[in-house]
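Student: Top to bottom, those sequences are chains A and B.
Note that the working numbering numbers the first sequence so that position 132 is 132, with each residue one more than the last.
Note that the working numbering numbers the second sequence so that position 423 is 423, with each residue one more than the last.
Do not take every clue at face value.
[Unchecked claim] For each label pair, taking beta carbons as the anchor points, the in silico distance ranges come out as:
1. Ser335(A) x Glu334(B): 54 to 60 Å
2. Pro73(A) x Pro73(B): 56 to 62 Å
3. Asp70(B) x Ser380(A): 34 to 40 Å
4. Ala307(B) x Asp31(A): 55 to 61 Å
5. Ala160(A) x Gly108(B): 48 to 54 Å
6. Pro73(A) x Glu334(B): 45 to 51 Å
7. Arg339(A) x Arg169(B): 58 to 64 Å
8. Arg203(B) x Pro73(A): 51 to 57 Å
9. Pro73(B) x Ser125(A): 35 to 41 Å
10. Leu133(A) x Ala307(B): 48 to 54 Å
11. Thr258(A) x Ala307(B): 25 to 31 Å
12. Ser249(A) x Gly108(B): 55 to 61 Å
[Stated by the list, open to error] Sample of chain A residues with no beta-carbon within 12 Å of chain B, all distances over it, derived:
13. Asp86
14. Asp349
15. Gly352
16. Val354
Because the hints were derived from the structure by calculation, they are not lab data.
All figures in this text were calculated on a predicted structure; none of them were measured in a lab.
Glycine residues also receive a C-beta, built at the ideal position from the N, C-alpha and C atoms.
Number of protein chains: 2
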Amino acid sequence: MAPYLGAEKTAVRRMARIVMKFGGTSVADVDRMRRVAAFVKREADAGHSIVVAVSAMAGETNRLVALCADAGPPDPALDVRNVEYDTVVASGEQVTSGLVALTLQKMGYRARSWQGWQAPVKTDSAHGKARILEIPDEPLGSAIDTGEIAVVAGFQGVAADGRISTLGRGGSDTTAVALAAALGAERCDIYTDVDGVYTTDPRLSKQARRLDKVSYEEMLEMASLGAKVLQTRSVELAMAYKVKLRVLSSFEPPDSPTPGTTICDEDDIVEKQIVSAITLSKDEAKISLLSVPDEPGRAAMIFGLLADAGINIDMIVQSPSRQAGANISFTMAESELARAVDSLTLAKDKIGYVQMQSDRNVVKVSVIGVGMRSHTGVASTMFKALGEKGINIQNISTSEIKISVLIASDYGELAVRTLHQAYGLDRAQGAS
Amino acid sequence: MAPYLGAEKTAVRRMARIVMKFGGTSVADVDRMRRVAAFVKREADAGHSIVVAVSAMAGETNRLVALCADAGPPDPALDVRNVEYDTVVASGEQVTSGLVALTLQKMGYRARSWQGWQAPVKTDSAHGKARILEIPDEPLGSAIDTGEIAVVAGFQGVAADGRISTLGRGGSDTTAVALAAALGAERCDIYTDVDGVYTTDPRLSKQARRLDKVSYEEMLEMASLGAKVLQTRSVELAMAYKVKLRVLSSFEPPDSPTPGTTICDEDDIVEKQIVSAITLSKDEAKISLLSVPDEPGRAAMIFGLLADAGINIDMIVQSPSRQAGANISFTMAESELARAVDSLTLAKDKIGYVQMQSDRNVVKVSVIGVGMRSHTGVASTMFKALGEKGINIQNISTSEIKISVLIASDYGELAVRTLHQAYGLDRAQGAS
């Protein structure tokens with residue numbers, strides 16, 4: 001990827017460029033679009049050059065996807081989506097972009113909509129999950145620098161053959177970040193239905209606190225591990241292009257919004273927490289293969305097979321079997337369990353395992369924090385706290401800045417609350 | 001306009017190109033789209049190269065227009081529509097085109113959607129009522145000649161500046177005819193919710209008969225005079241480019257459709273009727289200006305004023321006033337009455353009329369037939385038949401192939417039935 005060349009021109013501009021992204025619940029109806037316009041007005045009146053990226057009105061994408069599912073042939077699960085699916089579904093953002101432009105015009109602002117093919121947001125041709133290749137600085141950059149507000153349809157782009165592409169669910173975040181990178185924006189504000197990123201999901205623990213700042217890497221782990229506030233790809237992109245991201249609520253009063261959470265470089269965070277957040281991922285399932293012959297290449301065979309079937313594997317544990325050979329267990333998204341079981345059943349003789357067990361009643365609880373790099377004892381705190389509550393750890397996986405454990409579903413929320421307290425994240429103990 | 005150059009290439013092709021257009025009720029849901037696909041299958045299996053032009057799903061355009069009206073600034077009534085309106089509303093046909101393509105794919109056909117900007121359907125920039133300037137033969141022509149079915153989003157195009165344009169209500173008919181002209185199609189079949197063009201509206205007279213053939217000129221008069229089966233502009237275009245049009249029902253069984261009505265050149269109709277059809281237009285209103293000074297230039301002043309206000313005037317009658325000067329009365333669409341009254345009230349002193357009367361309770365009844373050119377007595381038959389029923393004629397206007405009279409609304413349906421019988425159009429007396 002060699003995109004976003006436009007960013008080099010930043011130096012010659014006088015006014016800051018700001019990208020503002022509004023999700024589906026923020027543009028659910030025309031009344032809510034008027035609230036969106038009030039947020040845009042704040043930035044426009046401050047003299048900034050504004051790009052607004054919008055999602056489809058809440059519920060619209062689901063409605064369009066259902067129509068496609070009814071009309072069309074089954075989607076090849078592992079292949080790219082049908083290009084007609086993209087054509088149909090992208091209409092949702094097209095409608096929002098036009099309506100938000102109209103709303104801004106009614107308030108007296110110059111505004112126009114830009115579809116993916118007009119900006120253009122150039123993507124590869126992996127329809128349904130396309131990646132943005134390039135957004136040229138022109139004509140969008142010149143347009144906003146004249147004071148015209150650009151309302152860009154999120155989630156969509158145009159492939160090299162001129163067909164409409166979509167970026168996959170949550171793709172409007174990615175559109176916003178890519179626009180910010182391409183246009184050298186001062187910041188990219190993601191307006192959503194929550195007022196920032198929390199130490200954990202407030203529905204799991206009333207002690208959850210909003211974080212003022214969180215690093216790209218932490219956010220990336222959080223997005224991958226169940227926090228739904230930002231799409232993983234958009235955080236990756238922000239990290240790669242150093243786009244200053246902010247998550248804030250469109251449900252606050254537009255004239256006195258809360259500051260939200262800034263997602264930035266680790267170096268820009270002065271007071272680093274050892275652990276910043278606890279996440280719970282419910283979309284997990286486990287397979288255990290018992291008594292796999294303990295020969296070189298068996299693990300490669302198993303995971304090669306699953307990779308060929310397009311299944312993402314996580315949390316692999318291998319241990320000696322009491323009978324013979326080794327037991328190998330691993331996790332995947334719950335939706336991929338059935339396919340994984342099918343693939344492994346077919347290959348039973350080839351792999352040579354004695355028995356297969358699968359389990360949907362598992363969840364993954366993770367503690368995340370850049371401070372782990374320089375502090376020891378994070379893991380032992382975790383295991384001790386969970387142990388004291390009698391919570392059995394089935395699998396463990398770690399990275400430089402997170403530790404994840406797989407536990408029985410029933411204990412998920414208890415584990416989150418326990419760890420939230422154990423790492424000093426509870427409201428009473430921290431700021432905000 | 002110097003478009004449709006592609007038509008010249010017809011000679012080198014082997015298979016006939018056919019354009020099939022399906023309106024909103026024919027694509028109202030995915031089930032109905034499957035019926036549409038069955039009609040397309042018939043033509044595709046016959047080895048033709050197929051273009052399908054589609055409208056938005058029934059109700060969708062109204063929904064989108066309402067959203068625009070809610071969000072946007074008031075539309076400047078006399079100017080072009082807001083380009084964002086076009087962006088929003090055109091999404092309706094985009095969705096249908098993708099879904100119909102998916103439906104055809106599910107049946108095993110190669111099919112793809114084409115949006116206005118992809119074909120491209122190049123239009124002028126009169127947004128909301130754009131006129132098609134050109135549809136190049138390529139890439140659409142090559143695509144269909146490989147056997148791929150092209151599903152074109154009707155009603156929309158792209159202006160020179162790359163913005164989405166729409167052709168105005170009913171514009172999908174125009175898209176279909178323009179495609180047929182551009183691609184040198186053998187015929188353009190307009191599938192709709194009626195099985196053809198009738199001697200009069202079957203809801204007005206049970207004696208109405210379907211016409212096998214009707215000339216472009218008759219159809220043009222019928223479309224302008226209240227028959228809603230085809231949009232006027234599409235008939236004009238068909239006449240200009242000699243596109244063989246057919247109106248037929250998508251509600252018949254796809255494997256044995258009724259023949260519908262062919263709209264063709266007058267010379268291709270062997271048995272010409274003196275009168276082919278009777279129409280009733282309810283969207284009429286009348287203004288009478290009493291005692292206008294009888295001086296040269298007063299009529300020019302009145303109608304110049306109304307033209308400047310964008311009001312289309314019809315059926316002008318001037319007669320001497322019993323008091324002084326002349327009485328001038330004229331008709332217009334009912335929706336334009338209020339504006340016309342406003343304009344004339346403002347200009348009362350300038351024009352110098354004594355009194356203005358307006359009347360919404362009027363309808364226009366017309367008899368249409370190319371046979372009028374060579375037969376006399378058509379008008380006297382009309383006046384005699386209406387007179388015998390005690391129906392008073394307020395205004396009269398004529399063209400070479402039609403006579404229209406303005407009468408009180410209450411008598412509209414009686415007048416239609418009376419004339420339908422008087423000209424021998426009743427079912428018992430004719431064929432079909």
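Student: All hints are to be evaluated individually against the structure, with a verdict given for each.
Tutor: Quick rundown of the hints versus the structure:
1. Ser335(A) x Glu334(B): 54 to 60 Å: The hint (54 to 60 Å, Cβ to Cβ) holds, given that Ser335(A) and Glu334(B) are roughly 57 Å apart.
2. Pro73(A) x Pro73(B): 56 to 62 Å: violated, 43 Å
3. Asp70(B) x Ser380(A): 34 to 40 Å: Violated: the Cβ-Cβ distance is about 59 Å, outside 34 to 40 Å.
4. Ala307(B) x Asp31(A): 55 to 61 Å: violated, 40 Å
5. Ala160(A) x Gly108(B): 48 to 54 Å: Check failed, 28 Å falls outside 48 to 54 Å.
6. Pro73(A) x Glu334(B): 45 to 51 Å: holds, 48 Å
7. Arg339(A) x Arg169(B): 58 to 64 Å: With a Cβ separation near 49 Å, Arg339(A) and Arg169(B) fall outside 58 to 64 Å, so the hint is violated.
8. Arg203(B) x Pro73(A): 51 to 57 Å: violated, 41 Å
9. Pro73(B) x Ser125(A): 35 to 41 Å: holds, 39 Å
10. Leu133(A) x Ala307(B): 48 to 54 Å: Given a distance of about 52 Å, which is inside 48 to 54 Å, the answer is holds.
11. Thr258(A) x Ala307(B): 25 to 31 Å: Cβ of Thr258(A) to Cβ of Ala307(B): about 57 Å, so the range 25 to 31 Å is violated.
12. Ser249(A) x Gly108(B): 55 to 61 Å: violated, 49 Å
13. Asp86: violated, 8 Å
14. Asp349: holds, 37 Å
15. Gly352: About 42 Å separates Gly352(A) from the closest Cβ of chain B, which puts it past 12 Å; holds.
16. Val354: At roughly 43 Å from the nearest Cβ of chain B, Val354(A) sits farther out than 12 Å, so the non-interface label holds.
The structure shown violates the earlier hints numbered 2, 3, 4, 5, 7, 8, 11, 12 and 13.
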